[in-house]
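Place chain B on chain A using the hints.
Here is how the chains run, residue by residue.
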Amino acid sequence: MQDWGAATPLDDVSGAVALVGVGEADHSGASGRSAVEIGAQAVERALADAGLEPDQVDGILYRSGIGPQFDEHAFRAHFGTRRELFVSHDGGAMTWAATAPYVAAQAIRGGKASVLVNVFSVDWASRRGQMAGGPGVFHAQERMKASLELPFGWFPQPVYFATIARRHMHEYGTTEAQLGAIAVACRRHANGHPTAVLRDKPLSLDGYLARPMLVDPLRVEDCCLISDGGAAFVMTDPERAADLRKPPVRVLGVGEGRSETGTFWSQQRAFTTTPQVFSAPAAYAMAGMTAADVDVLATYDPFTIVALMQLEDMGFCAKGEGGAFAEGRRLHFDGGGLRRGLPLNTHGGLLSHAYVLGIAHVVELVRQLRGEAANQVAGARVGVYGGYTGATASTLVLARA
Amino acid sequence: MTAKPPLPDADWEPLRGFWAGAAAGELRIPRCTACGVFCWYPRERCPHCAATAFAWTPTSARGTLFSWAVVRRALYEPFAPLVPYATGLVALAEDPAVRIVTRLVDCEPSELRVDMPVHAVFRPLAFPGGAAPVPAPFFTPTR
Numbered sequence: 001m002q003d004w005g006a007a008t009p010l011d012d013v014s015g016a017v018a019l020v021g022v023g024e025a026d027h028s029g030a031s032g033r034s035a036v037e038i039g040a041q042a043v044e045r046a047l048a049d050a051g052l053e054p055d056q057v058d059g060i061l062y063r064s065g066i067g068p069q070f071d072e073h074a075f076r077a078h079f080g081t082r083r084e085l086f087v088s089h090d091g092g093a094m095t096w097a098a099t100a101p102y103v104a105a106q107a108i109r110g111g112k113a114s115v116l117v118n119v120f121s122v123d124w125a126s127r128r129g130q131m132a133g134g135p136g137v138f139h140a141q142e143r144m145k146a147s148l149e150l151p152f153g154w155f156p157q158p159v160y161f162a163t164i165a166r167r168h169m170h171e172y173g174t175t176e177a178q179l180g181a182i183a184v185a186c187r188r189h190a191n192g193h194p195t196a197v198l199r200d201k202p203l204s205l206d207g208y209l210a211r212p213m214l215v216d217p218l219r220v221e222d223c224c225l226i227s228d229g230g231a232a233f234v235m236t237d238p239e240r241a242a243d244l245r246k247p248p249v250r251v252l253g254v255g256e257g258r259s260e261t262g263t264f265w266s267q268q269r270a271f272t273t274t275p276q277v278f279s280a281p282a283a284y285a286m287a288g289m290t291a292a293d294v295d296v297l298a299t300y301d302p303f304t305i306v307a308l309m310q311l312e313d314m315g316f317c318a319k320g321e322g323g324a325f326a327e328g329r330r331l332h333f334d335g336g337g338l339r340r341g342l343p344l345n346t347h348g349g350l351l352s353h354a355y356v357l358g359i360a361h362v363v364e365l366v367r368q369l370r371g372e373a374a375n376q377v378a379g380a381r382v383g384v385y386g387g388y389t390g391a392t393a394s395t396l397v398l399a400r401a
Numbered sequence: 402m403t404a405k406p407p408l409p410d411a412d413w414e415p416l417r418g419f420w421a422g423a424a425a426g427e428l429r430i431p432r433c434t435a436c437g438v439f440c441w442y443p444r445e446r447c448p449h450c451a452a453t454a455f456a457w458t459p460t461s462a463r464g465t466l467f468s469w470a471v472v473r474r475a476l477y478e479p480f481a482p483l484v485p486y487a488t489g490l491v492a493l494a495e496d497p498a499v500r501i502v503t504r505l506v507d508c509e510p511s512e513l514r515v516d517m518p519v520h521a522v523f524r525p526l527a528f529p530g531g532a533a534p535v536p537a538p539f540f541t542p543t544r
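Sequences listed follow chains A and B, in order. For the record, in the first sequence the residue sitting at position 68 is 68 according to the working numbering, with numbers rising by one throughout. Each number in the working numbering comes from the position in the second sequence (counting from 1) with 401 added on.
Be a bit skeptical, because a hint or two may be false.
[Unchecked claim] Just the calculated beta-carbon pair ranges, DEER-fashion:
id : chain 1 : residue 1 : chain 2 : residue 2 : range
1  : B       : Glu512    : A       : Gly328    : 31 to 41 angstroms
2  : B       : Ala452    : A       : Ala77     : 47 to 57 angstroms
3  : A       : Arg76     : B       : Pro482    : 48 to 58 angstroms
4  : B       : Ala498    : A       : Arg76     : 24 to 34 angstroms
5  : A       : Gly51     : B       : Pro482    : 55 to 65 angstroms
These are computed hints drawn from the structure, not numbers from a lab. Every residue gets a Cβ at the ideal spot worked out from N, C-alpha and C, and that includes glycine.
Excised from the complex, chain B in its bound form:
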């Protein structure tokens, strides 16, 4: 089976604010309007205070590299042209419990260190033969 290019649906309601933020060059994360806690991934109730209203809130788009993996052999067809690539988790500066899944760009995998400072760069996410590119947050080491 030829896997479909895994482009996100930027119109899917639970994540619409995330992709709208990326299109505007911002990393927006839902924040509980009652207690102010960042809630990631989006959910119906705030795990801290059980309120149900959230606001997509711009962040610094900075954080630390929580961990990562270097994919040396493609396990999923759409990523074969990118191999080797580094993908992992960024702990958000405002609240390290929020981890953003990302691909690391503009660096060699050998430069990466756990807990190093990183920041978002917004690039079009595209795959050969895929639909229109979607602006998305990639991360790069803060030098």
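This is chain A alone, in the form it adopts within the complex:
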């Protein structure tokens, strides 16, 4: 019984909103650019992709509290418009890259906005030296963790997820090579993707296994990059979407689930499970689909083990079988010659593309469903994003119109 969390009750927004423009900022290591500048570049490119002018935008979504973002003030200043904008802080990346379309659908239904842009950007590679434990700084500020976890060296995130990986290995027989298969698939995708930070760095499974441990049982290759970068996507109603430059991608389902222990991973009863077990079924139900209908998957992959757990928790295989499922080339964009592969993070993911916290995952799915991806999955019709923060997970079901 899964009684350690729950799905968030959501209204049915299936078919109520479409993704019509996507844009990525330049992804890189430390670049000296600010997150706001990076966000501006992403929004410019997303609007150009949609064939829309900045003054046609009447809504903006981003996440507050995660550092400066390209917000409504930056939008007006950058594009020289005084237009009033519908504003939601429930946008951005991580889980919100999946729930932003839900917010947009509700805003469109309520007559509050008609064309909305969701944006997220980071300059953490440039600011790394100011952040204790890198992105771990957000956890170090939590007083219970600062008191009970940091003093014992259980910090930052690679330590949390190495501990989860070891327990998963114990419970289910998951191996290092199986984690490595995920790292290798993502790297191969990055090698074929023009915007990936690691596009020029190949990785074989033997090469992975030969690498030293960072936080045993995880290697550097099991951990995400730290990047400067960002992305944006534009959303509108299906009728307007049909008249725009690119084929629209429809939102068929949205789900969100949460763990009752929040980001206190140490105390989560289902230690080797993610809140996708609550989120994914809700999103599939809204979409009228199952995991078997999914052609291409993009999951939040801060660590290989998180992608592996989501394969299980989103119903692509039974709990505990994620390791065996990931072996070989099943997760590669060309399915490794399997008749029924499950291409995963075909842009390279957080592991090998850029650590922009999932918003580039959604951009990649839109390109896949339009048929314009760098590592195109043949005949992709349905794409799913799995977002994750630890405390929460989210699921976005997208389909070619």
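Relative to the frame of chain A, chain B by itself:
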């Protein structure tokens, strides 16, 4: 940025009983006075019966090693002198749902096994350049 040594504030009210216990050589965990369930981490309401009164209760300070990680390269400056070190979670004997975050001491990482019996040893927690050491529960394999 030079990270501040991560010493706990032993006077912070929600965890005062924990650190007072450690100073007395005991592993104390809050227990709901209404239903008797151990509640960890401390919270305002008992998740089992919703009561709001807890008593810091001494435990056996024994348990099993739920899982752990071996930090081979320091990701956080204050721990650089300790690398490599093993840190992880101990499931408390009285109630395995209570997991204590700890550092494993007096053992080699290669000796560790999931679910092996472990017990607490109380040592001063200190960092170079830090404030006065705080007595804290570390764990070691029970041989």
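Against the structure, the hints:
| no. | hint | result |
| --- | --- | --- |
| 1 | B:Glu512 - A:Gly328: 31 to 41 angstroms | holds, 34 angstroms |
| 2 | B:Ala452 - A:Ala77: 47 to 57 angstroms | holds, 53 angstroms |
| 3 | A:Arg76 - B:Pro482: 48 to 58 angstroms | holds, 50 angstroms |
| 4 | B:Ala498 - A:Arg76: 24 to 34 angstroms | violated, 51 angstroms |
| 5 | A:Gly51 - B:Pro482: 55 to 65 angstroms | holds, 58 angstroms |
Checked against the numbered hints given earlier, the structure breaks only hint 4 and satisfies all the rest.
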